[in-house]
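Chemist: Here are the chains, one letter per residue:
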Amino acid sequence: MMIPFGHALSFAAALFVLGLTCVLLRRQVIMILIGVEIMLNAASLVFVSASAYWQQVDGQVFVILLMAITAAEVAVALAMVVYLWRRKRTLVADEFNGMSG
Amino acid sequence: MNAFANLPQFPWMSLLIMIPLCGALLCLLHGKRTNDCRGLALATALATFGVALYLFVCHGQGSERWLLYEDVNWIPAYGIRYVLAMDGIALLMVLLTAFMQISAVLLAWRVERHVGSFFALLLLLESGLMGIFLAYDLVLFYLFWEVALIPMFFLISVWGGEQRRRTALKFFLYTLIGSLCMLVAIIALYQINGAQTGAYTLVIGDLLKTQLTAAQEGWLFAGFLAAFVVKSPLVPFHTWLTDALTEAPAAGSLDLTGLLLKTGIYGLIRVAFPLFPNATADFLPILGILALVGLFHAAWSAYHQDDIKRLLAYSSISHLGLVLLGLAAWQLTAWEGSILLMVTHGITTGALFVLVALIRERTGTRSMQELGGLWGQAPCLSALFLLFSLASLGLPGLANFAGEILVLLGTFQEHPVWAVVALLGVVFAAAYMLRLVQGVIWGPAKAERTLPDLTMREWLMLLPMAILVVWLGLYPAPFLAPLHGAVATLLAGGLP
Amino acid sequence: MSLSDLLAMLPILILAFGATAILMAGAWYREPLPLLAGGIVTALLGALSAGLVTPPVPEIAGLFSAGGYARFYTILWSLLAAAGLMTGSRYIIEKRIGAGEYVSLVLYAAAGMALLSSATHLVGLFIALETFTLAFYILIASNRNCALAAEAGLKYLLLGAVATGFMAFGIALIYAASGSLVLPDAVMRLKAETGELQAWGLLGWGMILIAVGFKISLAPFHLWTPDVYQGAPAPVTGLLATGSKGAVVAALVGLLAMSGPVWNDLTDLVWLLAALTMLAGAFGALGQSNLKRLLAYSSVTHMGTLLVGVLCQTSEGFAATTFYVVVYVVTSLGAFAVIASLADGRGEPMTFDQWRGLGYRHPVRCGVLVLLLLSLAGLPATAGFMAKFAVFHAALQSGYIGLLMIGILASVISFAFYLRVTMLLFQPDEKASSWHQGSVFEHTVLAVCSSAVLVLGLFPGLLFGLIRQILP
Amino acid sequence: MSESLLFLIPLLPLCCAVINMLFGMRLPRLFAEIMAVTGVAGAFLLTILFWGYAEGEGTRVVIFTWLNSGAVDVSFAMNFDRLAAPMTLMVTGVATLIHLYAVGYMHEENDYARFFGLLNLFVFAMLAIILADNLLVLFLGWEGVGLCSYGLIGFWYRKLENAKAGTKAFLVTRVGDVFLAIALLWLFAATGTLNISEINAQAASISPGVVIVLSLLLLLGACGKSAQLPLMTWLADAMAGPTPVSALIHAATMVTAGVYLLCRLFPLVSISTVGMTAITAIGALTALYAATCAMAQREIKRVLAYSTMSQVGYMFMAVGAGTVTGAMFHLLTHAFFKAVLFMAAGCVIHLAGDENDIYKMGGMARRGPVELFWVFLAGAVCLAGLPLTGGFFSKDGILLALFTHPDPTYRVFWLIGVLTALLTAFYTFRLVYLVFAGEWRGTGHPHAIPLQMRWPLWPLALLGLIGGMLNLPALVGGDEMLHHWYGDLAGRAVTASHSTEWMLIGFAVAIVALGWFAAHWRYRNYRPPVENRVSRFLLNGWQSDALVDCLLVRPFTAMARFCSSGCDRSLFDGTLEGLAKMATRYSALLVQLATGRATTYLSAFAWGFLVLLGWFLLKLVNGGGH
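Protein chains in written order, with this note's numbering: chain A, 1 to 101; chain B, 1001 to 1496; chain C, 2001 to 2472; chain D, 3001 to 3626.
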């Protein structure tokens, strides 16, 4: 029993928008990164449903690839988070406003 | 293509552009040792003048066709060619540039700060000016148009008076807006011509043949006009000139008024009028009216000035108003008179700026309240000041009169009312010039100071100009000879 | 991955493996100079191989093309990496940034850019984009003893991550709509399809445009640029300003050149973006009192002009954009190299008060900086003018008169703030302190950049001819 | 002597002027003085030598081409004909005597090189006007004369009023020159040439309307130089210059240039009756105006200046009445006796210790050498027009021409002429009585008068007295030498019955006698000057200066202020500054967007996304995915 493609797409879009709102509303750097991860997962969802719809395997291959890239990105991001914590003892994104104008 | 081009010729014109350029580079390298910088600059200026004089001597009688024509392929991808062409008018302008440059270098003899780069910029300016007068490819013309701007900008902004930075920026941006409009017009014309003839070219000679609709011609002409109207200061766009002239260093203001203003008018004659004949025909009455308004506006403003350098700036605008009037009359005598007036105005106002600089060096002030009674302390300086002021107010027998009377005679044939009104303007010229002379020379000496009279260097600068002013006033025939052919072809709208 | 595929990818392989080797060596052998020399040699080798070795097969594993266009940009980015390493050499020694890490990251970034410029497949595009973005995350924050660097790193990271999210979702939508990831036919299918799916594809392209907008700092997404440029160390900013932006634009041009005018639905959106970017960059830079922030805003304006070139979607437009990219890369790198060469113990000269009167202390380098600024502004006889002339010509030919007028306004304003900086340099100021004399590496980079600007300004014919050949 | 040497006449003064100006200060004083005098005396001798060339049609000498561009082909050319010869003779003769007088007058002055240089240059410029063959060379001389008078009036430049007087003279004459220039342009447009004889030949072919305007323009041009009514304010102030300058420029030569111009172009001007009546009217009104002003003047030189203006008015009336001979006859005699009067006035000023005011003089007959009084009296007698003097015959000739003019309205001008003759007699003898009669009222101690200042007076005084011989009317057995000399150039021959001539002569004698007795009755025994509104009104020339000031000068300066600060500062510069401020305001606005906080940047991202969604929905709604 195949789920209609449109449903999957709209669900993924909703998930994407959720991720985006999480990024916008949250103060903490870690929470923003989590928001980004949710957006990336929404993308993976679209890929899986699209490969199912088009009966091709490319989508799923890309999802695996996307996971690898997300992992790398998270690694670098967390390293940055640790570095920032050690410098300013805070992780609120808006604390870092030394430069402006 | 011009059959003239394939004759293997000695690249005189490229030489004229390259000598000042190499001189500029050498001056930069010799930055530290000031006196051989000066020697180098003077040698370059003299060399350029020598070449210009040689060309004037052997092409003196002028002809309907090009005197010199150089054509080399530059950027084949866009069909841009390195084309230089010289006719009678360009020959005169080149000679004037070379001559004024020598006095500019002599005037800059006593500059202390960064002498090397000052002379380098001065010579780069000269090379840019030569380029403008000789270039015959639109992109090359635009390139030299901007190259002449940059040295002037630095001369004003580094060696200028108190308000130098603000004025330099205003001067540059004002001219830049005009030249960018010209760039857009150049590109548009380039495309229309390319579409029509298939061969993309930017040489003015080939662009003459493009058929333009009235609207297109109007807009393109407006684009070109924007650049030239700002540079040859037509009234509403002249405020940059008075500030730039008062703030520029002595040699800079000499070049600015003597030569840079002429590039605007030369652009009109060489580029704007031939390319868009019927747009020009509609524009001429407007140009005439604006020139007249400019003549009177500048004369009135000059009368009100206290700073003598600013007064001379306004007098330049007033003179060039008369030149533009001559061009607007579209008549052979009027055009020849205008071009002669351009040359003589360059010399007389240039000399006056030299004198103002010398007075400034001696008395430390340029305001007429503090000056006065100079005749008692420096008779030779004052005598020359009187001579050049009289020449500038158009006294018959001196330089400007020859040009002015030809312009008026020519303009009277076409538009009698304009000539009569312009004549009234000449009285205003007498009014502010005499006020200047009275403020500086006559009257009791206000401050007790002993002023040294002219030194050898200063005589060297002013004597040739004095001789030229009297010679041009009494016997301008050799300077009119090259113009006959060139002006006749331009008026007929043909290709020299 | 047959042998011929490997041969086709030789330059990128050299860069990647060179980077890894240096990374490993850096762990044991802390001496910076040999590592830097190794890095430079690798980069030059990569450029050489891209130039000389003609790839037997036009496509690498379906993901990247190995045609003339790709090889041209591989050479450009390898040379850029070499220049980046040279400008950074003295800088990282003084700031005690790990030489091994710096060199390898720069080489990875160069490999990523080369891949991106030659991407023909959406997946290849995504992978290449991610490689050099990650490299830059670390490079920007590499200067440990400067607080602003960390802040810049954070900002670039947050926005970069969000952009990656948009990119991924955009690609997904296009895949959903067209069922194929290979660029040319993904786009063809898109046009053929009708109905609901095609709409999703269009939204996908929009999302990719946003991600690209972040990468080349287009108008609403450009706010990070001034902070990151100011915070990051000068050599890294040089690479960031030239490399990452240039590569993305190169990818766009490559993609569009292959698939012909596909953007007719997106044109008015891109038109809006280009106009906004040019104006935002110009007006932003006008009020600046910090040179690096001013250069950031000016790079925003240049990206706007580049977008105009891309928007024309004619071969004339693409040739103009490619020329503009090369000129922009050379000039921006030169400008940041000047700042890097002046940097000493007190950091880099950034605010206008620090720059006032420097023309008299360091006449040659300030002269070069003035020349580069004038080229950025578009003064004739410098390369900047030829680039602007070409783009304006393409824009006028495709009829974008409005954009052209905004371009003219932007370049007038850009002349204003560039000239204000030049005047600043030559303003006599007694208390102007003298900065670092700069090492031989930096001087070579400056010499190369300034002579390139003059040569491309006076004799651009050669490069125009070359570009005409390589455009697909 | 071949005719090509004719150009030496103007060239000699020019060379001496240039040498004096360039090397005058370095050479010993005597050399400069000799150079100046020989320059002019040489020209005088050459004129006598070449007198033969002037007969018949005169000789035309072309020196070299000046301007040739398209239709314009003008060259430096001389035309030494019957009209020019006597004028050249008079100018060079009077100039030689005045130069000798000036050597004495200026011997304490140390800036002599500039003085003699300018004086010689003036003579050259005057000769250029007289001998000009085309209007452009005439215009060159015209402005050259203006320049030299500017230089010489403002010679003692240390006092600012002298410099101001010089500038005023130059400006007012420049206004006159503009009208001449307009006439010049129009003539070139109408006749295609600037050559005077060709213009006179083609005069009939020009349309009458144009001729009227041309003659009016020429009249205004002449008025500028000859200080006639509309442009006369500068002559009185021009007395600030040294006396030899006033003698040469403002008595003998420059002021008569206007009359000479009208005589030169007489064939053209005489065609339009309107033009002729205008010339006469201007002449008459100026004569009357100047005579009334002369009556109230306090300074000796200003009295003579106004009397010059009045006598030139007579010459204009003569030209207007159609007799060129009458005009030239009065011009020549006037030059002699007015030069004498000015030079004598110079001696009187020296004697009175540089005092100008006649009310502070008196009894000068006894203070100085006795022959000074007789010389002054001879000049005064000619000026007043006592019978048998030169002045009498020339003035009477003009009055006769006016009386017998076919147009009846000329009788009005005759009446004004007679009234002015009365006033002339009155103020002349007023001057004589106040200066020479009574006892010394002044305070200054007298300077000694060197010999050179005394003996040049005698020849001129004699010439003034016997000047009548030049054109003795047939009535008294004269042969009208000047009239025959001019021949066809002479204009209308004045014929009248003997009875009217005798009646007019008797009437003139009565008028002069009346004037003399009035002056005798009023000033025989000294009375202090009466101060009332009328005398103040007359003193400063019917308040003409104030009129010009409020009509022209004040609006001009107001307009100047408006143009430079009004237009340039606020309008043009204002708009530019406005634009610049607007740009900086926008950039400040934009820069505030970059707050430095990462969350703002993310929200900007979100706004971008929102714009995309909006655009996308818009696309969906109307596009429908075509």
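Honestly, the hints are just simulated from the structure, not real lab data. Treat the hints with caution; some may be incorrect.
What the hints assert, rightly or not - To spell it out: a stretch of chain D is covered by chain B in this simulated footprint if at least three of its residues, at any positions, have a beta carbon under 8 angstroms from a beta carbon of chain B; those stretches are: (1) 3365-3377; (2) 3537-3544.
What the hints assert, rightly or not - Just so you have them, the derived chain B footprint on chain C, three or more residues with Cβ under 8 angstroms: (3) 2247-2258; (4) 2413-2421.
As the list claims (entries may be wrong) - Here are some chain D residues the structure puts well away from chain C; computed CB gaps all over 10 angstroms: (5) GLY3362; (6) GLN3452; (7) VAL3476; (8) LEU3547; (9) THR3584; (10) ALA3588; (11) VAL3591.
Since the model is a prediction, treat every value here as computed from it, not as a measurement. The C-beta atom is built at its ideal place from N, Cα and C for all residues, glycine as well.
Chemist: Please count how many residues of the stretch 2247-2258 of chain C have a CB within 8 angstroms of a CB from chain B and say whether that reaches 3.
Modeler: violated (count 0)
Chemist: Count residues of the stretch 2413-2421 of chain C with a Cβ under 8 angstroms from any Cβ of chain B, then say if the count reaches three.
Modeler: Held - the stretch 2413-2421 of chain C has 4 residues with a Cβ nearer than 8 angstroms to chain B, which meets the minimum of three.
Chemist: May I ask you to check that D:VAL3591 keeps its beta-carbon over 10 angstroms from the closest beta-carbon of chain C?
Modeler: violated (5 angstroms)
Chemist: Please check whether the stretch 3365-3377 of chain D has three or more residues whose CB lies within less than 8 angstroms of a CB on chain B.
Modeler: It is violated: at least three residues are needed, and the stretch 3365-3377 of chain D offers just 0 whose Cβ sits closer than 8 angstroms to chain B.
Chemist: If we take the beta carbon of D:GLY3362, is the closest beta carbon in chain C still more than 10 angstroms away?
Modeler: holds (72 angstroms)
Chemist: Any Cβ of chain C at or closer than 10 angstroms to D:LEU3547, or is the non-interface label fine?
Modeler: holds (53 angstroms)
Chemist: For D:ALA3588, is the shortest beta carbon distance to chain C beyond 10 angstroms?
Modeler: violated (5 angstroms)
Chemist: Does the stretch 3537-3544 of chain D contain three or more residues whose Cβ lies closer than 8 angstroms to a Cβ of chain B?
Modeler: violated (count 0)
Chemist: At 10 angstroms, judged by beta carbons, does D:VAL3476 keep clear of chain C as stated?
Modeler: holds (89 angstroms)
Chemist: Please settle this one: D:GLN3452 was flagged as non-interface, so is its CB more than 10 angstroms from every CB on chain C?
Modeler: D:GLN3452 is indeed farther than 10 angstroms from all Cβ atoms of chain C, at 64 angstroms.
Chemist: Any Cβ of chain C at or closer than 10 angstroms to D:THR3584, or is the non-interface label fine?
Modeler: violated (6 angstroms)
Checked against the numbered hints above, the structure violates hints 1, 2, 3, 9, 10, 11; every other hint is satisfied.
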